[in-house]
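Whole structure, please, built from the sequences with the hints as guidance.
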Amino acid sequence: MNTYPSYPPIVVGSSRTLRNPTHRSSSDGGYTITRKKWTKPKSSYSLNYPALNAEQFKILRDFFVENQGQAFKFRYPLEDETKICVFSMDDLKADDNMQNHCAVKVEIVEI
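Numbering of the sequence shown is given in the UniProt record's numbering, commencing with residue 1 and proceeding in unit increments.
Keep in mind the hints are simulated off the structure, nothing from the lab.
Mixed in with the good hints there might be a few duds.
In the SDA-like style, the derived pairs of lysine to any residue whose C-alpha atoms are separated by at most 25 Å in a straight line are [claimed, not checked]:
(1) K83 / D62
(2) K73 / Y31
(3) K58 / V104
(4) K40 / E79
(5) K73 / F57
(6) K83 / N2
(7) K58 / T22
(8) K36 / F57
(9) K93 / N48
(10) K42 / T3
(11) K36 / T82
(12) K105 / T82
(13) K36 / S25
(14) K42 / Y76
(15) K105 / V11
(16) K58 / K40
(17) K42 / H23
Structure, rendered in structure tokens:
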């Protein structure tokens, strides 16, 4: 299993969300029954790269092409555990901004 690249580094503007959905059903007695959908919460990440040069973009692009639809290891810099994730997007969009740089946002989810 491949590991998400640690270079280029994830920068300010990235975010993470912890998801822990529940199933809810109403009973005839007027109360609601709830139970967890998953055995443990799962994370999702929105990774922001506002100014990648051509070499840095190639690293992300090559990883995206090679691992789209497959699980990979990912460690968010502010968390102390490695998680198994997949891309939650089908397109890798690069917005060209300043000289030879582009902005990229990568969306991944824990499985």
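Each hint, compared with the structure:
Using a Cα cut-off of 25 Å, the hinted pair K83 and D62 holds, with the two alpha carbons roughly 21 Å apart. For a cut-off of 25 Å, the pair hint linking K73 to Y31 is broken: about 41 Å separates their Cα positions. Proximity of K58 to V104 is assessed by CA-CA distance (about 11 Å); at most 25 Å being required, the pair is judged to hold. A hinted pair counts as satisfied when its Cα atoms are at most 25 Å apart, and K40 with E79 qualifies at roughly 16 Å.
In summary, the hint linking K73 to F57 is supported, as the alpha carbons are separated by about 19 Å, within the 25 Å threshold. In summary, the hint linking K83 to N2 is supported, as the alpha carbons are separated by about 12 Å, within the 25 Å threshold. The suggested pairing of K58 with T22 is violated, with an alpha-carbon distance near 39 Å, which exceeds 25 Å. In summary, the hint linking K36 to F57 is not supported, as the alpha carbons are separated by about 39 Å, beyond the 25 Å threshold.
The straight-line distance between the Cα atoms of K93 and N48 is roughly 12 Å, inside the 25 Å bound, and the hint therefore holds. With a C-alpha separation of about 18 Å, the suggested pair K42 and T3 falls inside the 25 Å cut-off, and the hint holds. The hinted pair formed by K36 and T82 meets the criterion: a straight-line CA distance of about 23 Å does not exceed 25 Å. Under the criterion of a C-alpha separation no larger than 25 Å, the hint pairing K105 with T82 is consistent with the structure, at around 20 Å.
Distance check on the hinted pair: K36 and S25 sit about 12 Å apart at the alpha-carbon level, within 25 Å; holds. Between K42 and Y76 the alpha-carbon distance is near 13 Å, which keeps this suggested pair within the 25 Å criterion. Pair hint K105 plus V11 holds up; C-alpha atoms about 11 Å apart against a cutoff of 25 Å. At roughly 34 Å between alpha-carbon atoms, K58 and K40 are farther apart than 25 Å, so this suggested pair is violated.
Between the alpha carbons of K42 and H23 the distance comes to roughly 16 Å, so the proposed pair stays at or under 25 Å and holds.
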